[in-house]
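S.K.: All chains should be modelled from the sequences, with the hints used to inform the complete structure.
Sequence order for the protein chains is B and F. Numbering of the first sequence is given in my numbering, commencing with residue 1 and proceeding in unit increments. Numbering of the second sequence is given in my numbering, commencing with residue 1 and proceeding in unit increments.
EDC-like cross-link-like pairs, simulated, lysine to aspartate or glutamate; straight-line CA separation at most 16 angstroms:
(1) B:Lys-354 / F:Glu-26
(2) F:Lys-354 / B:Glu-45
(3) F:Lys-97 / B:Asp-77
(4) F:Lys-101 / F:Glu-335
Because the hints were derived from the structure by calculation, they are not lab data.
This is what each chain is made of:
Protein chains: 2
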Amino acid sequence: MAAQTAVSEVDGANGRLIYRGGYLIEDLAPVANFEETAYLLWHGELPSRSELDALRHEMVSARRLEDAARATLAAMDPETDPMDTLRTVLSAQGATKTIAKPSAGEAVALTAAIPTIVAGAYRRRQKKDLIEPRDELGHAANLIWMMEGQEPARERVHWLDQYLVLLADHGLNASTFTARVIASTGSDLTSCVVGAIGALKGPSHGGATYAARTMLDSIGTVENAEPWLRDAHARHARFPGFGHRVYRTYDPRAKILRELAKTADPKRHQVAAHTEELALKILHDEHPERPNATNVDFWASVVLTGAGIPKELFTCIFATSRVAGWTAHVLESEEDLRIIRPASVWTGPAPGKKPLPVEQR
Amino acid sequence: MAAQTAVSEVDGANGRLIYRGGYLIEDLAPVANFEETAYLLWHGELPSRSELDALRHEMVSARRLEDAARATLAAMDPETDPMDTLRTVLSAQGATKTIAKPSAGEAVALTAAIPTIVAGAYRRRQKKDLIEPRDELGHAANLIWMMEGQEPARERVHWLDQYLVLLADHGLNASTFTARVIASTGSDLTSCVVGAIGALKGPSHGGATYAARTMLDSIGTVENAEPWLRDAHARHARFPGFGHRVYRTYDPRAKILRELAKTADPKRHQVAAHTEELALKILHDEHPERPNATNVDFWASVVLTGAGIPKELFTCIFATSRVAGWTAHVLESEEDLRIIRPASVWTGPAPGKKPLPVEQR
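M.R.: Shown next, in the form of structure tokens:
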């Protein structure tokens, strides 16, 4: 047990994800958008109409990049991994002259700035000019706008927004835990979020959605699912998008995303559904004792694709969502700050070896 | 127990710090410089003469900043907290097009680049032009050279170098643990180090050396130590530089630094020694059951001052040293990578509360 939290709870045994206030994810997703979800995670209750309006206003005014961040974005090689660009430019965006305690206002500001950086990284990869945010668009719609320069269809915004709601928090996952360890030293919120971005980048964490999409691309057709999976299995390769450290049953977010995928990307849904069925069968046949459920990355990869998000941005879009949880956890931990400095077990030799000066080595 | 490690061991009960291979810090410091110490932490043994030459060559060629890092440094407001500049510019320096597994070569490169960034941040604060590194100078000497543009006296280099040796690793402290959590997701070494910098920035961690110096500045004279400490104690203020989460006796690094301080800054040593004696007495009188020993930050602040390091750079100089340990821990953890995703205790309400659409809230 590394922390107490009321931000979210992953009830792995029962396949339940509970957001702050006691909301099951399947109850919340149909009625809340990302902004409302972030407010819930930060403040403990869903916003009223006027609170939501105030939050939107605050977010809109924090979308534009600071001069240092803008120049840093321009300094990055356009082909840089977008997560590295996000890590660097957000670090510049949140840089300050003196250290400040994490605040709710900063949580809003960092959350609001991320889509501008992600879209900026994408436009630079495309060798296209950056597009300024549009104040009247919501968080998800504005992100697609800044990527494409065209107002996106309502359904695409809905799919992306649902993804952002579903991924916004998930207990003490590795990136959230990173943010809490950094916060525990009394450091600032930008340092916490920048560190969390670095953790999310890992293939075993945020990078898994990309891997799931890559697998589905490689499978390509319903007919190819069986030979592909059998071959991968024979080579002892893992199937991206299956298995989870906490869930012992179907991930409730994956269930919602699987349903959304039917309309978001019907063709890929078909291939994915067939792949899922076979993959679970192969995994179960080999290890019937293991709970080899589909995880959120598998179906997220289909929904994000349907929403028109290029796969090289998947991990950045994950960060766009999870920053709400990271910052909520840091704000919660501020209430009772103790440095996280775990014990280790020494596996080296007993002390007392005498070093020789370099001349005698 | 969060990890097994053979990189270093803090034996708090006996006041011993053991570096990789079984070297007690008090045995190592008199014969090894920072480059040798870093090699030891990375490779498990001290370098031979030819291995040390090869390492020096490798470090010298990695001192110069990449274009993106150089432009990012130029983009930062010169008055930015130097730790924020370091976090941002190192993130740019280590940015890549594709994710790579942490490697010893990268550990060397990041370690070598940090002084260039720290000195660059300092020069910009001073509104002075940057100074290019000088290949024939060692790590510590070159850092002072890039800050001042003059070759430093041999003793100043020695004091700084000794500090860098002593602080290079210290078990699973919060910044090292941050690096290991980030590494556990399969992320890259730059992400680990950037996250660790964010953790080190906290006043309860790397920021404490600055606080100790600020206290000594505020005390100023031997005569003022008692009234200052009594007053601070009456206000329930903590004494920076005293107490540690792990040591239950005198920190062995503080012992070495206390001795160095005598020559590095004799006048401040006098004030500090008197302050130490009184502070320990006041703390002991109130809580005789507590092990209120002097910690490393207290005497480090005097030695760094004697070495001519301005206090606004103290935490950056800490990072300049600890990066050896951070990267050694990450490389060690790569041998058996498991995601660090601790359990949490839910303190929120039971699930099942039904959310209302915003119109009805």
